[in-house]
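Residue numbers (this note's numbering), protein chains in the order written: chain A, 2 to 282; chain B, 370 to 697.
Simulated from the structure, these hints should not be mistaken for lab results. Backbone N, C-alpha and C fix where the C-beta goes; we use that ideal spot for every residue, glycine too. Any given hint could turn out to be false.
[Stated by the list, open to error] Coverage of chain A stretches by chain B, computed from C-beta distances (three or more under 8 Å per stretch; other residues unrestricted): (1) 72 to 83; (2) 215 to 227.
[To be verified] Cross-link-like lysine-lysine pairs, in silico, BS3-like; alpha carbons within 27 Å at most: (3) B:K686 / A:K187; (4) B:K585 / B:K631; (5) A:K187 / B:K669; (6) B:K585 / B:K488; (7) B:K553 / B:K597; (8) B:K488 / B:K597; (9) A:K187 / B:K553; (10) B:K631 / B:K405; (11) A:K187 / B:K401.
[As the list claims (entries may be wrong)] Over the 12 Å line for every Cβ pair with chain B, so calculated as not near, a few chain A residues: (12) H53; (13) Q64; (14) E91; (15) K95; (16) S98; (17) Y104; (18) W109; (19) D110; (20) E169; (21) D180; (22) D231; (23) T232; (24) V244; (25) K252; (26) P278.
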Amino acid sequence: MPSLPDIMTPNAEELAKQDGGKGGHAPLPDADQDAFFEFLLRMGDNALILGHRNSEWCGHGPQLEEDIAMSNIALDLIGQTALWLGLAAEVEGKGRSADDLAYLRDVWDFRNLLLVERPNGDFGATLMRQFLFDAFHFHLLQALTGSADPRVAEIAAKSLKEVSYHLERSAEQVIALGDGTEESRKRMQAALDDQWSYALEMFLGDATDVTMAASGIAPDPAGLRQAWDDTVLPVLAEATLDVPDSTFAHKGGKQGTHTEHLGYILAEMQFLQRAYPGAEW
Amino acid sequence: MYAQLVKSEGTSREDMSPEEIAFQGRIDRNEKIEPKEWMPEGYRKTLIRQIGQHAHSEIVGQLPEGNWITRAPTLERKQILLAKVQDEAGHGLYLYCAAETLGVSRDELLERLHSGDMKYSSIFNYPTLTWADMGAVGWLVDGAAIMNQVPLQRTSYGPYSRAMIRICKEESFHQRQGYAIMMKMANGTPAQKKMAQDALNRLWYPSLMMFGPSDKDSVHSAQSMAWKIKMNTNDELRQKFVDQTVPQAEYLGLTVPDPDLKWNEEKGGYDFSEPDWDEFYQVLKGNGPCNKERLGARVKAWEDGAWYRDAMVAHAKKKASRRPVAAE
Ligand SMILES: [Fe+2]
Ligand SMILES: [Fe+2]
């Protein structure tokens with residue numbers, strides 16, 4: 002077993018350099034296929050689980066227009082899931098499909114961030130989570146449009162169009178709700194305080210990220226922090242919200258150690274595939 | 370489903386004012402009535418009730434299918450279902466807008482829904498128990514809605530007619546998607562086939578109820594038909610629906626749960642059993658299997674969202690007051 006760093010690291014590129022061998026510029030993904038598969042699961046699972054959470058609002062939103070908009074975001078994310086998990090299945094090469102990956106893996110095989118599996122809370126908390134994720138998703142996808150793997154670049158370019166709109170919208174809503182009434186500000190501040198430490202998982206790299214960064218497939222997540230701050234902080238300021246000063250980050254989602262909530266999501270989401278194995282729908 | 374139980378408030382011909390006679394003349398010539406034009410108060414009120422109930426049916430109708438979004442069995446099915454339920458919200462939006470042209474706000478209509486003063490289609494008080502219900506609802510419920518709505522594209526009130534034209538396009542999409550699910554299920558494993566038959570068994574009669582009580586018991590039709598707010602009688606539409614649907618069920622290899630169903634050569638249509646009208650009136654009274662859940666979910670969404678809507682209004686006001694006054 003090579004001594005790839007398996008600790009969480011704030012600087013994957015640095016570690017990649019120390020790792021020697023592959024360097025930071027290998028143009029083509031002869032990269033570790035396992036790491037590539039892992040990375041694709043992370044992309045797909047974030048979209049799947051967040052899309053699932055958002056879809057829970059369908060029919061229950063605070064206003065018809067918002068109900069429709071939230072469903073739209075969910076739809077985009079499920080569409081992106083199919084692309085990422087489709088590519089993951091192809092890269093894995095074991096004859097599994099995107100649906101097999103979505104519906105037949107257990108909790109420990111899911112690679113989404115903890116943030117996206119957390120319960121919706123009120124509509125404001127859902128929007129705050131969306132905003133924190135959108136800002137990350139946006140910069141990540143933007144970087145991925147330059148991926149050394151053209152399939153990744155293509156999915157990223159398509160997703161980026163959708164996510165630019167998600168970010169624009171969630172930023173507007175966070176500003177409006179922070180600025181709105183005393184109650185709405187209180188709710189948004191509570192949502193931000195509650196989610197901040199989960200959001201910071203986004204910037205923790207690990208061995209998979211090191212391999213991806215080294216092969217030019219995906220950026221070092223820590224490297225996205227500055228861009229994220231530049232997007233997020235002015236919005237929070239305009240929303241009159243205080244940025245939590247904690248640097249603590251919950252972690253584990255990317256490696257498959259989840260919160261208790263994911264099991265319930267899967268129990269619901271996978272019910273039919275589990276109860277009627279092999280049936281076509 | 371929408372026109373059938375709306376009590377119209379008209380005046381008998383002999384009591385009509387000259388204005389009313391002229392108005393009726395325009396309707397008889399198939400002219401569209403537009404929002405700013407004069408209309409009898411009864412016409413306006415009847416339309417508000419009908420369009421409002423139609424709008425409510427769209428948004429309450431999100432719930433039975435919304436019930437399966439998080440359990441849809443594949444990524445593609447999840448997308449299709451989500452898009453469908455989202456369309457229904459969109460239909461609600463067009464219809465509330467059409468109602469607003471008659472001088473009633475969306476909030477006011479929602480208030481009347483929440484208080485129980487206004488109804489929505491009885492079909493949505495039935496539960497969706499298995500995935501096959503996602504097929505059967507699309508096939509039967511959207512199918513019955515289309516049957517009701519296609520003639521309403523020609524209704525006399527312009528904004529309503531235009532909303533119907535937009536909506537009908539999407540409804541026929543929904544029906545085809547529903548039927549596609551039924552095809553999968555009916556040709557699937559024995560368990561899936563059983564699910565499909567069970568869904569048809571449960572939803573057949575409630576679907577027939579969507580056309581309203583039999584013409585002989587439906588007292589409010591005449592005025593609405595004269596105003597072209599209602600275009601066909603309940604029994605006409607129900608017959609058309611049965612005639613269209615029975616061959617579709619046969620093609621699926623499923624059995625319509627009516628032992629007395631048979632083709633009547635003479636009338637060129639099927640003879641079929643009436644639904645249980647006692648059950649229908651019980652559902653209308655609030656005693657259907659899901660009345661409390663459905664209305665409860667709508668009220669909860671509205672109340673839980675109050676702070677959100679208030680904040681949006683407050684922010685918009687602050688923004689407007691912060692905006693520097695433009696120099697003229
Ligand atoms: Fe509809
Ligand atoms: Fe529909």
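Index of numbered hints that the structure contradicts, given in increasing order: 2, 7, 9, 10, 11, 12, 13, 16, 17, 21, 26
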